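**Student:** Sequence:
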Amino acid sequence: MRPSIIAHRGASREYRENTLPAFERALELGAEGIELDVHATSDGVVVVHHDPAVRLAVGAGAGETRAIAELTMRELTSFSERDSERAPSLEEVLSLVGARADVYVELKGAGIEHSVVEVIQESSARHRCAIHSFDHVAVLRSRKAAPNIFGGILLASRLADPAGALRAAAARDYWIHWPWADAQLVDSIHSAGGRVIAWTPPDEYSFRMLAALGVDGICADDVRALRLSLEDA
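Under our numbering, the first residue of the sequence shown carries the number 62, and numbering increases by one thereafter.
Since the hints were derived computationally from the structure, they do not count as laboratory data.
All figures in this text were calculated on a predicted structure; none of them were measured in a lab.
Some hints here could point you the wrong way.
Unchecked claim - Quick list of the computed label-pair ranges, beta carbon to beta carbon: (1) E292 with A229: 31 to 39 Å; (2) Y266 with H111: 37 to 45 Å; (3) G254 with E179: 23 to 31 Å; (4) D243 with L289: 35 to 43 Å; (5) T126 with E75: 20 to 28 Å; (6) M270 with V198: 29 to 37 Å; (7) R63 with A160: 18 to 26 Å; (8) E152 with G225: 34 to 42 Å; (9) S252 with G91: 43 to 51 Å.
Ideal Cβ placement from N, Cα and C applies to all residues, glycine included.
With the hints as extra help, turn the sequences into a complete structure.
**Tutor:** Pasting the structure below:
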């Protein structure tokens, strides 16, 4: 079976990443999963954005950089020049995607896992959501808070015991930076009952190589190229 097509922060080649237009376009291009990043505002809204800070586009502080955790959601929205480029809430994204695709939520802000779980649990799309992070303890906390939401651990390099790390976090998905994916890793994770998702491979060669290894998902910036490569494989 071919890997699932996962859009890294939406269709980020065509639209500003982690925005509603980017996610909608990714679905139009054939994405079966959406990957996104979340932080929390000062008033507790879970917001979709990669970096912990934003550069203010309009208003008295235009050009300044402010931490998302120091802004209310209203302030964050008011500082965007265009509505299509604003950072949406996780609730908005889940409403947009609905049952059309899986949603993989990466925890970026510290200590926000319970807020993220709450948003997901209140969504009709909760059965298609999963939480992942480089902070494997946060993943474990989210799993304990919501056993019905799958977890994933993010890795940028090789581990001596990948299956052990997966079990320690009570996770299903092993997110590995694509150059470190190999047959031994895939076999190890599959034997442990998990799934391997390779992130940000750059081209058709790497897409096909990863598919041949038997990874379960590929998370890429170029959704169109990924889909076409897997169709031709």
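**Student:** Could you check the structure against the hints above and give me the numbers of any it violates, in ascending order?
**Tutor:** When the structure is compared with the hints, numbers 2, 4 and 9 turn out to be violated.
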